[in-house]
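Position chains B, C and D relative to chain A; hints supplied.
4 protein chains.
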Amino acid sequence: MALKTREDYLEALRKLRPNIYKFGEMIEDVTTHPATKRTVESHALNYDAANDPELEDIYSTTSTFTGDKIFRWNSMMQSTDDLIGNMRMKRQNYRRTGSCTGAVCVGWNAMNVMWAVTSEIDKERGTDYQQRLRNWILAAQSKGLTVAGALTDAKGDRSLKPSQQPDPDTNLRITEVREDGIVIHGAKLMICGTAASQEIFLLPGSIYGESDQDFAIACVVPRDIEGLTIVEATRPSDRRELEDTADVETPDTGITQGWLLFEDVFVPKERVFMCKEYKYTAKFIQYFTANYRACIGACVSGQGDVMIGASVLMARLNGLSAKTFTDKLVNMSINNTITYGLGAGACALGFKHPSGSFFADSHTAHTNKVMVATLPYEVKRMTQEIGGGIVETGCMPSYKDFTNPQYGHLIQKCLKAGAGSAETRFKAARLSEWLTIGSGVPGCMHGGGSPDGAKLVVRFTTPLEEYANYARKIMNIQEEVIEPKKK
Amino acid sequence: MALKTREDYLEALRKLRPNIYKFGEMIEDVTTHPATKRTVESHALNYDAANDPELEDIYSTTSTFTGDKIFRWNSMMQSTDDLIGNMRMKRQNYRRTGSCTGAVCVGWNAMNVMWAVTSEIDKERGTDYQQRLRNWILAAQSKGLTVAGALTDAKGDRSLKPSQQPDPDTNLRITEVREDGIVIHGAKLMICGTAASQEIFLLPGSIYGESDQDFAIACVVPRDIEGLTIVEATRPSDRRELEDTADVETPDTGITQGWLLFEDVFVPKERVFMCKEYKYTAKFIQYFTANYRACIGACVSGQGDVMIGASVLMARLNGLSAKTFTDKLVNMSINNTITYGLGAGACALGFKHPSGSFFADSHTAHTNKVMVATLPYEVKRMTQEIGGGIVETGCMPSYKDFTNPQYGHLIQKCLKAGAGSAETRFKAARLSEWLTIGSGVPGCMHGGGSPDGAKLVVRFTTPLEEYANYARKIMNIQEEVIEPKKK
Amino acid sequence: MALKTREDYLEALRKLRPNIYKFGEMIEDVTTHPATKRTVESHALNYDAANDPELEDIYSTTSTFTGDKIFRWNSMMQSTDDLIGNMRMKRQNYRRTGSCTGAVCVGWNAMNVMWAVTSEIDKERGTDYQQRLRNWILAAQSKGLTVAGALTDAKGDRSLKPSQQPDPDTNLRITEVREDGIVIHGAKLMICGTAASQEIFLLPGSIYGESDQDFAIACVVPRDIEGLTIVEATRPSDRRELEDTADVETPDTGITQGWLLFEDVFVPKERVFMCKEYKYTAKFIQYFTANYRACIGACVSGQGDVMIGASVLMARLNGLSAKTFTDKLVNMSINNTITYGLGAGACALGFKHPSGSFFADSHTAHTNKVMVATLPYEVKRMTQEIGGGIVETGCMPSYKDFTNPQYGHLIQKCLKAGAGSAETRFKAARLSEWLTIGSGVPGCMHGGGSPDGAKLVVRFTTPLEEYANYARKIMNIQEEVIEPKKK
Amino acid sequence: MALKTREDYLEALRKLRPNIYKFGEMIEDVTTHPATKRTVESHALNYDAANDPELEDIYSTTSTFTGDKIFRWNSMMQSTDDLIGNMRMKRQNYRRTGSCTGAVCVGWNAMNVMWAVTSEIDKERGTDYQQRLRNWILAAQSKGLTVAGALTDAKGDRSLKPSQQPDPDTNLRITEVREDGIVIHGAKLMICGTAASQEIFLLPGSIYGESDQDFAIACVVPRDIEGLTIVEATRPSDRRELEDTADVETPDTGITQGWLLFEDVFVPKERVFMCKEYKYTAKFIQYFTANYRACIGACVSGQGDVMIGASVLMARLNGLSAKTFTDKLVNMSINNTITYGLGAGACALGFKHPSGSFFADSHTAHTNKVMVATLPYEVKRMTQEIGGGIVETGCMPSYKDFTNPQYGHLIQKCLKAGAGSAETRFKAARLSEWLTIGSGVPGCMHGGGSPDGAKLVVRFTTPLEEYANYARKIMNIQEEVIEPKKK
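Protein sequence lines correspond, in order, to chains A, B, C and D.
Under the numbering used here, residues 1 to 487 are what the first sequence spells out, in order.
Under the numbering used here, residues 1 to 487 are what the second sequence spells out, in order.
Under the numbering used here, residues 1 to 487 are what the third sequence spells out, in order.
Under the numbering used here, residues 1 to 487 are what the fourth sequence spells out, in order.
Just so you know, not all the hints are guaranteed correct.
When chains are identical, the list treats them as one kind, so a pair holds in a single copy or across two.
Stated by the list, open to error - Derived lysine to any residue pairs resembling SDA-like cross-links, with alpha carbons at most 20 Å apart:
| hint | residue 1 | residue 2 |
| --- | --- | --- |
| 1 | Lys276 | Thr127 |
| 2 | Lys283 | Pro166 |
| 3 | Lys328 | Thr374 |
| 4 | Lys485 | Ser159 |
| 5 | Lys400 | Pro34 |
| 6 | Lys123 | Gln286 |
| 7 | Lys486 | Thr326 |
| 8 | Lys69 | Asp82 |
| 9 | Lys328 | Glu378 |
| 10 | Lys400 | Leu242 |
| 11 | Lys400 | Glu241 |
| 12 | Lys328 | Arg459 |
| 13 | Lys485 | Asp128 |
| 14 | Lys486 | Gln213 |
| 15 | Lys485 | Ser421 |
| 16 | Lys276 | Asp122 |
| 17 | Lys486 | Gly356 |
| 18 | Lys485 | Asp167 |
| 19 | Lys473 | Asp252 |
| 20 | Lys413 | Leu160 |
| 21 | Lys352 | Asp82 |
| 22 | Lys400 | Thr229 |
| 23 | Lys323 | Lys486 |
Hints in this document: simulated from the structure, not taken from any laboratory.
The shape of chain A in the complex, shown without the other chains:
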């Protein structure tokens, strides 16, 4: 069966019930509204790529279930190479869109992680979650779905557990278990790519104990399900997208994050893959973060590639050879390669779950998360350093001024410098600004959890006593050297 096309995808999005809002107003059609059409375009490019002979290898693969050709982002990942395939696609996506295509990331990861987790639950509890999931995956592969994934709850007071919150709605929870499904209520926040998704995979936001079992949920819902209201977040520069000069001021691609507000939403049981089995949330988080934090290295390296490219453009447009900045460009490249290579290393050092799913090495993946939360900031700094003042400081007038009949010609004279026209320099400067402070990009810092959380994992996966014993043995220290007692 032929892969779905961009047109199929846009058509499917247009059929969804409008339930997305921004700046207080409803968005009728996400494929054309200026607030959402860029993230839709980013995802539509995936359909183009999968149907493009040059890129299909990156964007498609073979179903382990049916043997059919399917979109890679709907596939099972069962080896190091499959995980690296995920990374290759992510890096390529950033290179083509400058940003995140979040609706082919978390959902994809979720279905692979839940494949393993459901096998564990089923085995111990006699449930049939994996069969339900299998059915859903088969449908997703066949329909070529784009599926966002949602972990992060509103959380409320960070020092309290979900069940202790004054307002129970700060975390998504099950309010009713019925014969035919469950009713859920609460919020998931900052969900990437929601506006471009057809469905949303809902996941546990943390590790839960028994008292928080109502929050142990995994299920998939259509993006336009009854009872779900979505509000798009705003970024510093996104009002530029609403103006008639948007074509010059901002890329055609981009990402948005949604706040998902659930009010008594019914999810039929065939779409539910975890229902209060809180004990398995630990495994879920472990597997999910391992793969997520290994592969995110590809995202920041892909965006870093574009920052290198934008810097090369800016150097030349300023009248300088890119060679002038060789040292900085090499350092940018090194930073990109650290997160990509370390991610690939986590994939290579991973392990195969009995269910068939393959998971990256946790210790290495969480180390990578710390790098992902650090190195891109340096790459951004270097992008601003190479680009010059008009990139860094909010120091360039708007395109409305650029074309103003009274003084626009003077602005244009000021902007013409080295290679290329004044307009090209305008656009390139806007790109570097957007990549570094326009924030057209979700966070490498907190996306998928904070670096401090990653450090906790690093701490617990570093065997201090074993290492101390290596030291003792090398120096022939016979004596035990133990922790001091509390005094």
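Relative to chain A, chains B, C and D alone:
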């Protein structure tokens, strides 16, 4: 004579001819227009402070000419303490406005630097520039002026000198020298605080040789002088300032940068302090950058103080103790202190010019510039790390959504977390975003020149041969060790 | 056939002709002389490990030629997993010896790289190098040899090619090609593990052109071949090894580097695998550095593990809980994991050569080299920070003072602090000192080439134009933006 | 009265009772014994410099008591300029010796700090400590003494107070107060420059409470006082100093640290300046660390200057232009300037004590300590990077091998490269090794206390609530935002 007040200042601004534009439209009154009123407010706070018994020590001093009490930003700086007084005021300004008050920075520095440079020109050339400057300074002190300063030209192709540019207007130049003054033409870009200034001190943008003598200009012009058109630059988040929710979405203070477009502007000779004396542009740049790059350490540390404060707020609003982040807060504080302390060190290691002006040590000041272009990026990163996702990723909806009658209450439920209300958390998150990626701040990277330029100075002020001789002497190496010949 | 044992190995070493010198004197027996017995012990541990059921998986594998069980360090590496097997063994070696076991590193890498290179030469030139190499490898596997490898020449003036050097002996060269073999002359320097090796694999030190064809050599020689004089280098702390207190002052393991001085050494042709085929030195260097610089990440991480362990000991011996230093220990662990994980990533992203050899990805491997030359310095700094003054500053008396009858008891009183005895604290402090400034370890900086060389590779493997085109495409920039012409 | 000369100084040292030991043996004459003559030479250079017209400005000044010309290291520091004078001398010392001259550092600081502390004690307690101190200072100025200073106790278990230690001798304490003086017992460790000192200023090692009052001691003792045994610590490379090749293997200058073992030492009361007044130990520590940690920036920058110089030599000796490494040399220079300039900034931001003493700003000084414990490690790394393998890895044979009649000529051929002779390259390589891993230098890490201690001060001197209020005010947040209550 009493110091001028906020009201005097605002009144003076209102009397100026409207010649500032943004988004293609003219700004009638800079004190009330949403695009400029924030930078005006930042500067008005200086008048408040100088008249406030608690702060007057920082904001006022005594005229070395008249013995009158004057605004510190109109004073001569003739000692280490005077320079550190400049730094104290800058840091305080950032702490109260979160950003730059550029119209009490470059102009102030300029008059002190030109005091020394004019004495050198006068001595060798028999001119009377210093007397002209003295008269202007006396008037500025008496009127309590706020004076922007403008160095940066449009530049054009960075690989060509001003006189070689295809378009001569890419650098501000003298097109005619008349008996009663000069005519100038061209552009100065990214000039901080223009909209809040009463006058603008125009300065040489680089070191010029004989063929570029037409570009060797120093003079002061009223901000609304005939022939001058000013276009305000735009920043990623500044369209928020134009909306009716601006009070919540953005601070009341801020900075803007202007592009100054000069078309045959006549400057009377009593306001001209350098006219084609290209030989002195080297000294000008040396003195100017020494003081500027020493004192800029105070700016980034003051903004860093606010980032620490905003991070303390965010931690608590998220439900966590600020103590959780002690390590990061200490590292932020260390970074702030490096730039402030290193700036103070440059002031302490400076020298007194025969004219009375005091200049910071160049080597130390340029080293500080490199730090100023590096460390604040780390402070910003840590601000985002402590603040969480709603600070970092453009992950929070607009205030229009926050108050939406249909779903606003759900947004508010999501935003209420630890200490404080949902609205306070909204505002604090916007502040951290603004401080880090909203770009309500001019550049520590390129403001006052690039860090690569600073490294050039560091290179030439590091005596490699002397250091090599220390090494030889310590190791009793008698032999000369010289550079290899070209092969 | 059973694997060789420690005893077999020591016996083999003892049979070699004494041709190693240190401090001006000949070393009769490397297995007992205090200057060499530590590096021999480090390598003897490999034989123990390969015969130890718990570790044999790391230290042994199956011959691709014979199916026999062989030492891993004599094996062909033909997949990602084989390369990671190399890394696992390296890390384990550092954990058990605190240092390098250089005689199972370069030689091993050499035979795999030359397997590919000889196949290329043979194919194009009709030679039989691969067959010769195959025979030698079979013998090495069968005899369980420990084989050092030697690339680095004395080089002479770095700005001249080998053939341009005033002294031709600064690079190892072929002085005569005979029917039955070749005669070589010159020097290879800083060769790790020479004293512990049975044979030495000699390799081209650089990429050579036609005029330097005499320097294009690959061959294997017995360590005690006629005409070869070896002088051991000295390290800051190695005189401690010669004293009767050595057991307490220094580990039982260690590494030494030798200077190999060749004077008209004849190598029979069956041991020669490259003879003036200069064109293939480029491939050799490419393949060699890719695998070497990927795997070296395991070395520095293994040593870093020991530094973590030593720091845990020191904390406790000082009277503090290791928990006090959690943040630093985590950062040390992160640094270790970056070089290990990035190395594994390079292995995962590598490629299979038609000959069967597998090579790591060059771009990633060279990025890792830059990290390897940077991060361990931070780990060392943290080791000194945790350890306290007696670790850092050469601030602890000798063991002779520790046991002095007059005042030794006072020293011992001073050294007793928290957990453990005064002597244990003495030994642990010496270990941390040795790991950080005693230099009982070859260089992560220049071993296998300089980081600046690695940056050159990073530069040439970063496709700047491709990246610039991504940027153009994202911003819809139609215009070409090309490098400026020279002016 | 003429300043003392090198000869006077050496003569005075020779007259002292031999009470210093190393490697288990007594040192008869510190001025000639190879283990101590290098640190004596370093200090003798101070006498030369003070009598040298070119340097006397740095090394001498005028007594505030008598108006006589005195050694700067015996002077009172009563202004920013005096403190910067201390820094200038420290930097110059490092440039001339490559290392520390510890006997003109802590003692000098001590007398200035105790000048202020004794005035506080005297004022509140009616004692006459300051008069005693005045008398001693006058004598020190007149005799031109070189005076070491000793803070660091053996400490014992870091988690226990001095009075809680199982062994009371782990901290120096008063065991008896007599009419005519005090008796002290215990140990001070790692005391720089002891072997070169004539007297030693003993100081409280920490802040003490009432139960630890016996440890609150300040006094001065002759270096050879009865009951004091001194054991010299050992450094990795110091056995080289004992060999007959020492002239080539190591500099003529250097530093050593001593362990001071006090057994019932009687100190007459006129040399006692604090006796159990524990309340003032807090002030002592505050003042002492402020000046010490400001000025130590000069030490590491001075050593950094030599590392730059040594790197220039090595580049050329390797056959490369120093220009090849401009970027690294500039970064080294920047690091040096940060610690020097930040120290100068702390001096400029300091305050004058009512007693006349001047103290650097604590917050800035402790920030500098953190830099001092970080940046030199980078400078060392770059020194190794520029120098090449023979500098880094313990990869060069000994001078005994260099001159060996059998193969020495071959070693020499290997060492001759670019500019200069083989022997010069040998010596320069040893210098870079000594500067970076030979550890001929006391610690920038723990000298004067640990960086973690400095961070504690930074933390308490950063006004978080004030900064939070700036943030609130900028964003018009009316609500208080307070720390969460414990839950």
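Going through the hints against the structure:
1. Lys276 x Thr127: The answer is within: 12 Å in one copy meets 20 Å, while 70 Å across copies does not.
2. Lys283 x Pro166: Neither: 28 Å inside a copy, 48 Å across copies.
3. Lys328 x Thr374: both (17 Å within a copy, 13 Å between copies)
4. Lys485 x Ser159: between (29 Å within a copy, 10 Å between copies)
5. Lys400 x Pro34: both (18 Å within a copy, 17 Å between copies)
6. Lys123 x Gln286: Intra 19 Å, inter 50 Å, cutoff 20 Å: intra-copy only.
7. Lys486 x Thr326: between (55 Å within a copy, 17 Å between copies)
8. Lys69 x Asp82: within (15 Å within a copy, 32 Å between copies)
9. Lys328 x Glu378: both (10 Å within a copy, 18 Å between copies)
10. Lys400 x Leu242: both (13 Å within a copy, 16 Å between copies)
11. Lys400 x Glu241: Both. Shortest intra-copy (13 Å) and inter-copy (17 Å) distances satisfy the 20 Å Cα cut-off.
12. Lys328 x Arg459: between (33 Å within a copy, 10 Å between copies)
13. Lys485 x Asp128: neither (50 Å within a copy, 45 Å between copies)
14. Lys486 x Gln213: neither (36 Å within a copy, 25 Å between copies)
15. Lys485 x Ser421: between (71 Å within a copy, 16 Å between copies)
16. Lys276 x Asp122: Classified as within; 14 Å inside a copy, 66 Å across copies.
17. Lys486 x Gly356: neither (46 Å within a copy, 45 Å between copies)
18. Lys485 x Asp167: Close across copies (18 Å), not inside one copy (42 Å); limit 20 Å.
19. Lys473 x Asp252: between (61 Å within a copy, 10 Å between copies)
20. Lys413 x Leu160: between (59 Å within a copy, 16 Å between copies)
21. Lys352 x Asp82: both (12 Å within a copy, 18 Å between copies)
22. Lys400 x Thr229: between (35 Å within a copy, 15 Å between copies)
23. Lys323 x Lys486: Cα proximity of lysine 323 and lysine 486: across copies only (12 Å, versus 59 Å in one copy).
In terms of the numbered hints stated before, the structure departs from hints 2, 13, 14, 17, listed from lowest to highest.
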